[in-house]
Amino acid sequence: MHRTLLLPTLLALAGFSLSASSAEEKPKPNLIILDDQGVKNLRLETSEAVEAEFHQTVLALGRIAVFPGKLHIVSSRIPGRATEVKVKPDQTVKPGDTVLVLESRQPGDPPPSVTLTAPIAGTIATVSVAPGKPISPDDSLVEIVDLSVVHAIAKVPEHFVGQLKVGQKAHIRVPGLPGRAFEATLDHLGAMADAETATLEAAFHVENPEFLLRPGMRAELSIITGSREGVMAVP
Numbered sequence: 000m001h002r003t004l005l006l007p008t009l010l011a012l013a014g015f016s017l018s019a020s021s022a023e024e025k026p027k028p029n030l031i032i033l034d035d036q037g038v039k040n041l042r043l044e045t046s047e048a049v050e051a052e053f054h055q056t057v058l059a060l061g062r063i064a065v066f067p068g069k070l071h072i073v074s075s076r077i078p079g080r081a082t083e084v085k086v087k088p089d090q091t092v093k094p095g096d097t098v099l100v101l102e103s104r105q106p107g108d109p110p111p112s113v114t115l116t117a118p119i120a121g122t123i124a125t126v127s128v129a130p131g132k133p134i135s136p137d138d139s140l141v142e143i144v145d146l147s148v149v150h151a152i153a154k155v156p157e158h159f160v161g162q163l164k165v166g167q168k169a170h171i172r173v174p175g176l177p178g179r180a181f182e183a184t185l186d187h188l189g190a191m192a193d194a195e196t197a198t199l200e201a202a203f204h205v206e207n208p209e210f211l212l213r214p215g216m217r218a219e220l221s222i223i224t225g226s227r228e229g230v231m232a233v234p
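Each residue of the sequence shown is one higher than the last, beginning at 0 in numbering that gives the first Met the number 0.
The set of hints was computed from the structure by calculation and includes no laboratory data. Small disclaimer: the values here were computed from a predicted structure and weren't measured. Virtual Cβ for every residue (Gly too), placed ideally from N, Cα, C. Warning: the hint list may mix true and false statements.
Taking CB as the label site, the calculated pair distances span [to be verified]:
1. ALA197 - ASN29: 44 to 50 Å
2. PRO133 - GLU157: 47 to 53 Å
3. PRO94 - PRO156: 40 to 46 Å
4. LYS132 - ARG217: 30 to 36 Å
5. GLU44 - SER127: 56 to 62 Å
6. LEU70 - ALA197: 26 to 32 Å
7. SER135 - VAL165: 17 to 23 Å
8. THR116 - LEU176: 29 to 35 Å
9. LEU60 - THR116: 38 to 44 Å
10. ALA180 - PRO111: 48 to 54 Å
11. ILE32 - LEU176: 45 to 51 Å
12. ILE72 - GLU219: 49 to 55 Å
13. GLU157 - THR116: 17 to 23 Å
14. PHE210 - GLY95: 18 to 24 Å
Below are the DSS-like pairs computed for lysine-lysine, each with C-alpha atoms no more than 27 Å apart in a straight line [as the list claims (entries may be wrong)]:
15. LYS69 - LYS85
16. LYS39 - LYS69
17. LYS164 - LYS69
18. LYS132 - LYS87
19. LYS164 - LYS93
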């Protein structure tokens with residue numbers, strides 16, 4: 000059996016009343032006034048609208064990359080053999096810290112040893128040598144990266160490129176760091192677009208004092224292309 004309930008009955012149960020300040024005033028159609036009990040029954044929360052700044056944004060996907068000039072390679076000027084490796088990946092070093100020690104091929108008893116040190120402060124990215132391994136002058140032995148600042152390389156759809164200008168700000172979120180947001184500034188745009196994806200690369204400068212952002216991480220960018228003040232918004 001189907002039961003039909005009148006709308007006024009349902010509204011009364013929820014705590015509503017129809018707008019009618021007097022018998023002479025004609026109620027406005029579809030107007031419902033919610034009293035305190037109705038708010039409580041429906042578990043509603045209210046907030047006052049305030050003036051705020053509204054940002055116009057362009058969304059783009061990208062990846063974190065090493066900032067230009069922040070990757071340094073440690074190599075040997077002379078051939079020899081590695082005897083000690085003092086570092087490992089993700090280890091932090093200071094300028095002058097010993098990275099590895101090698102035994103020179105120059106004659107001597109014992110053969111003279113050479114100590115290679117870190118040229119910058121940073122994080123060990125790769126170690127391509129092990130004790131006992133022969134070393135040549137053209138070998139890349141250890142890579143050190145300064146992660147205090149990184150690039151976020153965004154793939155921006157080409158129909159949005161006209162809205163981008165150097166110096167614009169962006170908010171960056173990384174799926175691997177939920178709940179964290181990073182501020183970025185547009186450094187430069189790529190010289191050539193990708194014909195297959197119809198995108199242009201945009202490089203953003205990102206300060207990274209906690210070294211949380213690592214090269215290769217996926218990034219989601221919200222690029223601010225304009226703003227309006229005095230827009231009414233609900234907090």
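Against the structure, the hints:
1. ALA197 - ASN29: 44 to 50 Å: The hinted range 44 to 50 Å holds for ALA197 and ASN29, with Cβ atoms some 46 Å apart.
2. PRO133 - GLU157: 47 to 53 Å: holds (50 Å)
3. PRO94 - PRO156: 40 to 46 Å: Given a distance of about 42 Å, which is inside 40 to 46 Å, the answer is holds.
4. LYS132 - ARG217: 30 to 36 Å: Given about 35 Å between the Cβ atoms, the range holds.
5. GLU44 - SER127: 56 to 62 Å: Holds, at about 58 Å.
6. LEU70 - ALA197: 26 to 32 Å: Holds, since LEU70 and ALA197 (Cβ atoms, about 30 Å apart) stay within the stated range.
7. SER135 - VAL165: 17 to 23 Å: At 42 Å between Cβs, range violated.
8. THR116 - LEU176: 29 to 35 Å: Roughly 32 Å apart at Cβ, these two residues keep to the hinted range, so it holds.
9. LEU60 - THR116: 38 to 44 Å: Taking Cβ atoms as reference, LEU60 and THR116 lie about 39 Å apart, which means the hint holds.
10. ALA180 - PRO111: 48 to 54 Å: holds (53 Å)
11. ILE32 - LEU176: 45 to 51 Å: Given range 45 to 51 Å: holds, Cβ gap about 46 Å.
12. ILE72 - GLU219: 49 to 55 Å: Violated, at about 31 Å.
13. GLU157 - THR116: 17 to 23 Å: Between GLU157 and THR116, where Cβ atoms are some 46 Å apart, the hint is violated.
14. PHE210 - GLY95: 18 to 24 Å: About 20 Å separates the Cβ atoms of PHE210 and GLY95, which means 18 to 24 Å holds.
15. LYS69 - LYS85: Since the Cα atoms of LYS69 and LYS85 sit roughly 21 Å apart, the hinted pair holds (cutoff 27 Å).
16. LYS39 - LYS69: violated (58 Å)
17. LYS164 - LYS69: It holds: about 24 Å lies between the C-alpha atoms, which stays within 27 Å.
18. LYS132 - LYS87: holds (16 Å)
19. LYS164 - LYS93: violated (36 Å)
In this structure, the hints that do not hold are numbers 7, 12, 13, 16, 19, in rising order.
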